[in-house]
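Participant: Sequence:
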Amino acid sequence: KRREELHGYIRNSYLEGVARLVKSDTTLVTAKSRRARCALHVAVLFEHVGIITALVKANSSAVHVADNLGRTPLHYAMATIKVDKIAKILITSGALKTTKDVRMRSPSFFFIYKEEIQRLHEEESRLA
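Quick note on numbering: the sequence shown equals residues 1 to 128 in full-length UniProt numbering.
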């Protein structure tokens, strides 16, 4: 329930709510939704730089969490408009540029082929 509340706050750009929840329980940052996405995946999809920063400060291990297809938040970040800012935050926090998903695709694949990640954003937007 608290994980869903956190993801809802992220979808709606509510930084104060995010900060309050993760301060009380940092494991919420890495908890996965039914779609196997953690809070950092969702924040990256919505390109909320402030929220991304708050999440990695609270629990930097979130940069290594993989979704159901093995994609990390950095895989998602490569398909965003704010790729430079977001990727820098994630890599500085320990994200690996060489991590492969289940189809053996590295994050840089999604810099060229953005459609798959953009569909995930549309799916998350419908939940907002």
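Since the hints were derived computationally from the structure, they do not count as laboratory data. Just to be clear, a hint being listed does not mean it is correct.
Calculated lysine to any residue pairs in the SDA-like style (CA-CA distance at most 25 Å, straight line) [claimed, not checked]: (1) K23 <-> K57; (2) K97 <-> R126; (3) K88 <-> A36; (4) K82 <-> T53; (5) K88 <-> T27.
Derived CB-CB ranges, DEER-like [to be verified]: (6) E115 <-> K1: 31 to 37 Å; (7) S61 <-> E5: 31 to 37 Å; (8) K57 <-> R103: 15 to 21 Å; (9) R126 <-> Y14: 16 to 22 Å; (10) A36 <-> M104: 17 to 23 Å; (11) G8 <-> T92: 24 to 30 Å; (12) S13 <-> R119: 20 to 26 Å.
We put the CB at the ideal spot given by N, CA and C, even for glycine.
Participant: All the hints need checking, so say for each whether the structure fits it.
Facilitator: Hints and how they fare:
1. With a C-alpha separation of about 10 Å, the suggested pair K23 and K57 falls inside the 25 Å cut-off, and the hint holds.
2. With a C-alpha separation of about 29 Å, the suggested pairing of K97 with R126 is violated against the 25 Å cut-off.
3. At most 25 Å may separate the alpha-carbon atoms for a hinted pair to count; K88 and A36 meet this at roughly 24 Å.
4. Note on K82 and T53: the hinted pairing holds, with a Cα-Cα distance of about 13 Å set against a maximum of 25 Å.
5. The suggested pairing of K88 with T27 holds, with an alpha-carbon distance near 23 Å, which does not exceed 25 Å.
6. Here the CB-CB span from E115 to K1 is close to 33 Å, well matched to the stated 31 to 37 Å.
7. Restraint check, S61 to E5: a C-beta distance of roughly 21 Å breaks the suggested window 31 to 37 Å.
8. Under the hint 15 to 21 Å, the C-beta atoms of K57 and R103, about 31 Å apart, miss the expected range.
9. For R126 and Y14, the hinted distance range of 16 to 22 Å is satisfied, since their beta carbons lie about 18 Å from each other.
10. The beta-carbon spacing between A36 and M104, approximately 18 Å, falls within the hinted interval of 17 to 23 Å.
11. At roughly 27 Å, the beta carbons of G8 and T92 sit within the given window of 24 to 30 Å.
12. Here the CB-CB span from S13 to R119 is close to 21 Å, well matched to the stated 20 to 26 Å.
Checked against the numbered hints given earlier, this structure breaks hints 2, 7 and 8; the rest are met.
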